[in-house]
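Chemist: In the order they appear, the protein sequences are chains A and B.
Counting in the numbering used here, the first sequence runs from 7 upward without gaps.
Counting in the numbering used here, the second sequence runs from 13 upward without gaps.
For the record, the hints were derived by calculation from the structure and aren't laboratory data.
Honestly, I wouldn't trust all of these hints.
[What the hints assert, rightly or not] Computed list of lysine-lysine pairs in DSS-like fashion (alpha-carbon distance at most 30 Å, straight line): (1) B:K172 / B:K115; (2) B:K172 / B:K95; (3) A:K213 / A:K168; (4) A:K213 / B:K115; (5) B:K229 / A:K305; (6) A:K305 / B:K225.
Here is what each chain is made of, one letter per residue.
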Amino acid sequence: MKLLARTNRYYLGLSALLFVLGTGVLYTGLQHALAHEVDEQLQQQRTYLTERIRVTGALPTITMPQELTIDGPTRSESLRDTVIFDPVEHEAVPFRVISFPVTVQGQRHWLTLRKSLLETEDILKVILTVMLAVMALLFGSLLLLNQWLSRWLWAPFRHTLKALRGYQLQQPQSLVLPATPIDEFSELNQAVAQLTQRVAADYRALKEFTENAAHETQTPLAIMQAQLEQLVQDPELPERAVGAVQHVYRAALRLSRLHQALTLLSKIENRQFTDGVPVQLDAVVQEKLRQLHDFMEAKELRLEVGTLAPVSAVMHPGLAESLIGNLLQNAVKHNLPGGLLRVHLRAAALEITNTGPELRTDPMLLLGRFRKHNAASESPGLGLSIAEQICTYYGFRLSYSFIPAGALHTLRVTF
Amino acid sequence: MPPLRPAAAAVVFPYSVKILIVEDEAPLRTTLLDFLRHGGYICEIAENYEQAHEKIKLYQYDCVLVDLTLPDGSGLDLVRTLKADHSLAGVLIISARGSLDDKVQGLELGADDYLQKPFHLAELNARLRSIIRRRQFQGQRHIMFRDLTIFPDQTLVLVKDQPLTLTRREYDLLLFLLANPNRVLTKEAIAEHIWGDDADMADSFDFIYTHFKNLRKKLQEHGADNYIRTVYGLGYKLETA
């Protein structure tokens with residue numbers, strides 16, 4: 007729920023309550039005051055009539071029978087409310103009635119004075135209508151005010167939010183938020199700016215570290231490799247040394263490949279790749295299949311390219327090659343001689359299927375680092391974890407399925 | 013075993029090729045210098061950005077080997093300088109950073125090729141030769157070696173003027189050998205040259221063996237001398253004499 011809607015709801019609740027209470031108090035107050043006024047008027051008339059009768063010594067003439075009755079049914083002194091049917095208006099009309107005795111020429115008469123309360127009711131109605139109208143007006147203007155406030159006052163907040171959404175760690179410039187005169191927002195902006203600066207600094211440090219680590223390790227390896235290659239050129243190199251040199255040489259190569267794979271993994275995890283460009287995945291698949299042709303031929307694999315739709319994905323071209331290369335390499339490497347390699351590329355997913363013995367371990371464990379099917383293999387066993395990391399990086403899903411009939415393993419990348 | 017001979021005698025360039033090596037790591041620099049001089053190139057070295065910058069401003073090279081990470085600057089700036097000066101020199105980047113972005117950026121700036129450290133010297137030589145061939149002969153180029161003539165543009169191989177039919181892999185192997193005459197090429201270097209990232213697949217050494225066997229057989233059938241020698245346990249070598 008929007009902050010504004012929530013505040014409005016509370017405003018509305020509170021003002022409704024206050025209005026109900028206020029109207030109630032006002033109504034009773036006014037009614038009380040008006041009744042008091044009517045009573046006072048009746049008392050004044052009584053005093054006036056009593057005085058006139060004493061002076062004139064005669065009963066007054068009745069001009070308005072509704073307002074004055076002489077010797078009516080009431081024979082007690084009282085001040086009370088009553089309802090009288092008005093034949094003209096065809097409705098019951100409330101009256102305030104006072105009855106009192108007067109003595110004319112030694113004879114006792116009962117006078118009854120009445121005053122219609124219809125007018126006071128009308129006044130109350132008008133007051134209530136006015137109150138309700140004021141309330142509606144107040145609500146309406148409150149809503150409008152809040153809307154305007156939210157558009158105007160909250161603009162810096164929304165700007166900050168937009169800037170944060172669009173912020174990327176890889177971008178070289180730090181997040182710049184405009185100054186705002188509102189303390190809360192300017193504090194927020196300051197905190198956000200500090201946070202992004204700190205995160206960006208950490209990110210840069212990490213990136214530099216991985217790059218330096220790569221550089222510092224690969225350089226000695228390059229020296230070793232070059233020197234060893236020069237060493238084997240020497241025709242005088244004794245035969246027993248050749249074996250040792252070869253072992254060191256292979257170990258150096260292995261180390262370098264391992265290091266490259268690990269550097270790639272940490273770079274993906276640290277999101278150190280720049281924005282992608284549209285990559286034609288079908289072309290990458292074809293190119294990788296061509297590169298693996300020798301290995302497929304040697305294993306006499308049956309290649310089935312089911313669907314190869316022209317699928318384009320926005321990726322770093324190097325990572326696209328690495329993903330598809332690793333999956334295909336895996337499917338060739340763990341295939342049986344004379345087995346099947348099937349590739350399906352559709353807009354929704356890439357499926358690579360190969361024949362192979364059923365796995366004894368949990369297949370998803372193979373995505374873990376240094377997991378190898380064959381412990382003696384020289385490859386570091388990072389291919390599938392690299393593929394998985396690339397999938398995670400681009401929000402793809404890598405899943406595995408096995409069909410016992412035909413012993414078919416399928417790795418599926420859902421885009 | 014004959015003494016090492018300059019390869020220029022074997023694979024003919026019309027004139028001597030001048031190369032600048034920009035590399036800050038001393039052991040690697042001397043190894044490269046030693047290796048390329050043996051390969052018949054005229055080499056100069058620069059230890060840092062400043063030296064390299066001075067040299068490329070003063071002299072003309074056929075090819076510049078640039079390390080990207082230098083103590084006092086970036087190799088990428090050297091590439092920029094060369095391109096801004098419209099230099100005719102080919103540029104081969106060698107970098108330990110291995111970052112795909114560096115590679116893309118380097119090639120976008122106009123570098124001819126990019127080699128990630130560590131690399132095989134034979135691979136470096138093959139790339140270097142291909143850059144120099146592209147730059148110098150502009151289409152009209154062929155490689156001559158003993159009784160072989162090769163036209164890389166047409167992927168045509170002649171043995172004693174008779175065409176020789178080779179598979180793609182055999183042809184690649186032959187060209188790789190020709191780029192590195194008189195050198196032991198390790199199986200690992202050959203595998204990586206041919207299959208790149210897939211070189212550590214289990215069977216690659218067997219393939220190399222088979223391809224070499226077939227290549228030799230074809231050469232022999234055409235009456236060529238047997239100049240491809242197997243160096244036991246290590247790899248293969250193309251002998252100039």
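Chemist: What's the verdict on K305 of chain A and K225 of chain B, does the C-alpha distance respect the 30 Å limit or exceed it?
Modeler: holds (19 Å)
Chemist: Taking only the CA atoms, is the gap from K172 of chain B to K95 of chain B under or equal to 30 Å?
Modeler: Violated, at roughly 42 Å.
Chemist: Take the C-alpha atoms of K213 of chain A and K115 of chain B, compute the straight-line distance between them, and say whether it is at most 30 Å.
Modeler: holds (17 Å)
Chemist: Between K229 of chain B and K305 of chain A, does the CA-CA distance stay at or below 30 Å?
Modeler: holds (24 Å)
Chemist: Do the alpha carbons of K172 of chain B and K115 of chain B lie within 30 Å of each other, as the hint requires?
Modeler: Outside the cut-off at roughly 41 Å; violated.
Chemist: Does the alpha-carbon distance linking K213 of chain A and K168 of chain A stay inside the 30 Å limit?
Modeler: OK: K213 of chain A and K168 of chain A at ~26 Å, within 30 Å.
Going through the hint list in order, the structure does not satisfy hints 1 and 2.
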